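Chemist: Sequence:
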Amino acid sequence: MHLVSNLSKGTKVLFRTRKFHNQYIRSCCKMDVDNSCEKFDTVKEGKAEIVIPKDQQGVFYNHVQEFNRDLTLATISEFSKGFLEKKNIHMAEFERKDPSVIHVNQTEDGSGETSDTDNEKMTNYVYQGEKCEEGITILEALAASGLRSLRFAKELSGVKKIIANDISTPAYDVINKNIKHNKVEDLVEARNADAVLLMHQNCDKDRGFNVIDIDPFGSASVFLDAAVKSVLFGGILCVTCTDMAILAGKYPETCWMKYQCTPAVTKAHGEQALRILLGAISSAAARHSRYIEPLLSVSVDFYVRVFVRVHYGPAKTKLASCKQIQMYRCSGCSSFYCQNIIGSSKPDAFHPGIGPPVGPICEHCGHKHRVCGPFWGEPLHNLDFVKGIISLLQRFPNRFKTAERILSILTMITEELPDVPFYYVNDELSKVLRVSAPSMKIVRSAILNAGYRVSSFHSSAASIKTDAPPLVIWDIMRKFVASLPQTRKKPLPDGTPAKAILSKPITSPNIDLTERKDWEAQSKVKGMVRFPEMPPNWGPKARAKIIVDGTIKMDESLQEKSRRFQGKRKSQRNKNSSKVAKVDVVDT
1 MHLVSNLSKG
11 TKVLFRTRKF
21 HNQYIRSCCK
31 MDVDNSCEKF
41 DTVKEGKAEI
51 VIPKDQQGVF
61 YNHVQEFNRD
71 LTLATISEFS
81 KGFLEKKNIH
91 MAEFERKDPS
101 VIHVNQTEDG
111 SGETSDTDNE
121 KMTNYVYQGE
131 KCEEGITILE
141 ALAASGLRSL
151 RFAKELSGVK
161 KIIANDISTP
171 AYDVINKNIK
181 HNKVEDLVEA
191 RNADAVLLMH
201 QNCDKDRGFN
211 VIDIDPFGSA
221 SVFLDAAVKS
231 VLFGGILCVT
241 CTDMAILAGK
251 YPETCWMKYQ
261 CTPAVTKAHG
271 EQALRILLGA
281 ISSAAARHSR
291 YIEPLLSVSV
301 DFYVRVFVRV
311 HYGPAKTKLA
321 SCKQIQMYRC
331 SGCSSFYCQN
341 IIGSSKPDAF
351 HPGIGPPVGP
361 ICEHCGHKHR
371 VCGPFWGEPL
381 HNLDFVKGII
391 SLLQRFPNRF
401 KTAERILSIL
411 TMITEELPDV
421 PFYYVNDELS
431 KVLRVSAPSM
441 KIVRSAILNA
451 GYRVSSFHSS
461 AASIKTDAPP
471 LVIWDIMRKF
481 VASLPQTRKK
491 PLPDGTPAKA
501 ILSKPITSPN
511 IDLTERKDWE
521 AQSKVKGMVR
531 FPEMPPNWGP
541 KARAKIIVDG
551 TIKMDESLQE
561 KSRRFQGKRK
571 SQRNKNSSKV
581 AKVDVVDT
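When we follow the working numbering, the leftmost residue of the sequence shown carries the number 1, and every step to the right adds one.
Hints were generated in silico from the structure; no laboratory data involved. All values derive from a computational prediction rather than experimental measurement. Hints may be right or wrong, so weigh each one.
Stated by the list, open to error - Straight-line Cα separation of at most 20 Å, DMTMM-like style, residue types lysine to aspartate or glutamate; simulated pairs:
| no. | residue 1 | residue 2 |
| --- | --- | --- |
| 1 | Lys267 | Glu428 |
| 2 | Lys160 | Glu85 |
| 3 | Lys161 | Glu189 |
The task is simple: from the sequences and hints, build the whole structure.
Modeler: Pasting the structure below:
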């Protein structure tokens, strides 16, 4: 029996089965949109404009994610370009009637003549906002207001069809309203379905999608199996995960449950999160004789976002097992070592990985190693594809509002060492030794002087991504500590990683802290804004909830929850300490 209160009429309705209860909820949802949400706010982003209920703006729009949407548009645009070139179709990165564009053989006033050859060539061009029967199909599985799909329709060239899906009935009604408002009915279709079920229903080659966008609140793990089946061969998955606390190692049991990976507790969580997600996608694809090719992987703000191409081939799918690695990470000094889970001596000969590469006790500090993984062990990006996106942004610098930030991050990505998994964090190394952190100039110069490569990771200013072994890293830190004034008042306690590391001599050759001229990355030399500071409360919105009458409201935000619990533990301690046991004193 299910009891529901209809707030619009002030009555209560009793249902005998959940089926009729769900039908009633859906009718309430539609009635709520039709009657109580007649007033809407307008939000414009890119070339799209959405209307959303005034009392539910936080549910349907988050301006922080504009970078995410801009980056997705740029990535799909580069993918669509390659897709159409195979069909001898040229993609124009502008509208047919864009007044800022002057076509060949056309004067500024629009006059001029074109030859028959030019007219024939122009028929092979596709423009933004126009339907292309030979173009790509896109699924936005979790659309909310449909803003992303609307921008796809108005700002991408070579699109055949876009499905904007959301399981929420109020969201579905808002999507339909926005499709009509933007006049893109010929390109965008709204769906009101469970995303996983919808993808399973469209997993054959006639009904699959070239692009699937999955941007959930939290983990995307529940969508991966359906997504790799529904994407067409050679298509791309665009996947976001915002559960960074889990991916950063705070809850290893939950990470295993969602991604079948044991994470490390580390400050270098940006790359770890990407490798966990890519490993999960690769495993999901392998179950269906598919394998992945990461095109672009970014860790930014409060989430990770990956763009992967999905290929078909049972033979190459077997090689996916060789692309997974385990990491042995010291619990004391954070030194780490990687090992392939499956090895391959010949193209068709596979064997279990040989190891472990280290013993149970760390040779540097004497603490125990922890086994983490499996992780994706191959490159995170296709550098040719990334350079194609950079070229697009340089040709059209005003196309996206966040183009400058996208260009900075992509430039840093091209500077990363592609064949080196994971990185050290400068602050973490100095914390182990209980000293102030050396400048990046000193660390990077010393690594280069020792004959090794070094780069940064695009989401961490203190990252040290290098192929130098841990012994060289700690020898550099020993050299740095020896150069500092000896101001330590108390000796280091026995059994600490700092005492163990600093008590050993420097054994690596060419440990030199002399500054090099080439220590700086080119993105820094060019003056790009590499690691901008975000405004306060720059993060995800609170999770939306559908309440009993069918309307949508925001859950309590992290900031609101923090204020509500501020001082709770302190007040509880004071309350407990004030409870003193009363003892009767008897004079004798």
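Chemist: Next step is simple, just say for each hint if it's right about the structure.
Modeler: Okay, the hints, checked on the actual structure:
A hinted pair counts as satisfied when its Cα atoms are at most 20 Å apart, and Lys267 with Glu428 qualifies at roughly 7 Å. Proximity of Lys160 to Glu85 is assessed by CA-CA distance (about 15 Å); at most 20 Å being required, the pair is judged to hold. The hinted pair formed by Lys161 and Glu189 meets the criterion: a straight-line CA distance of about 8 Å does not exceed 20 Å.
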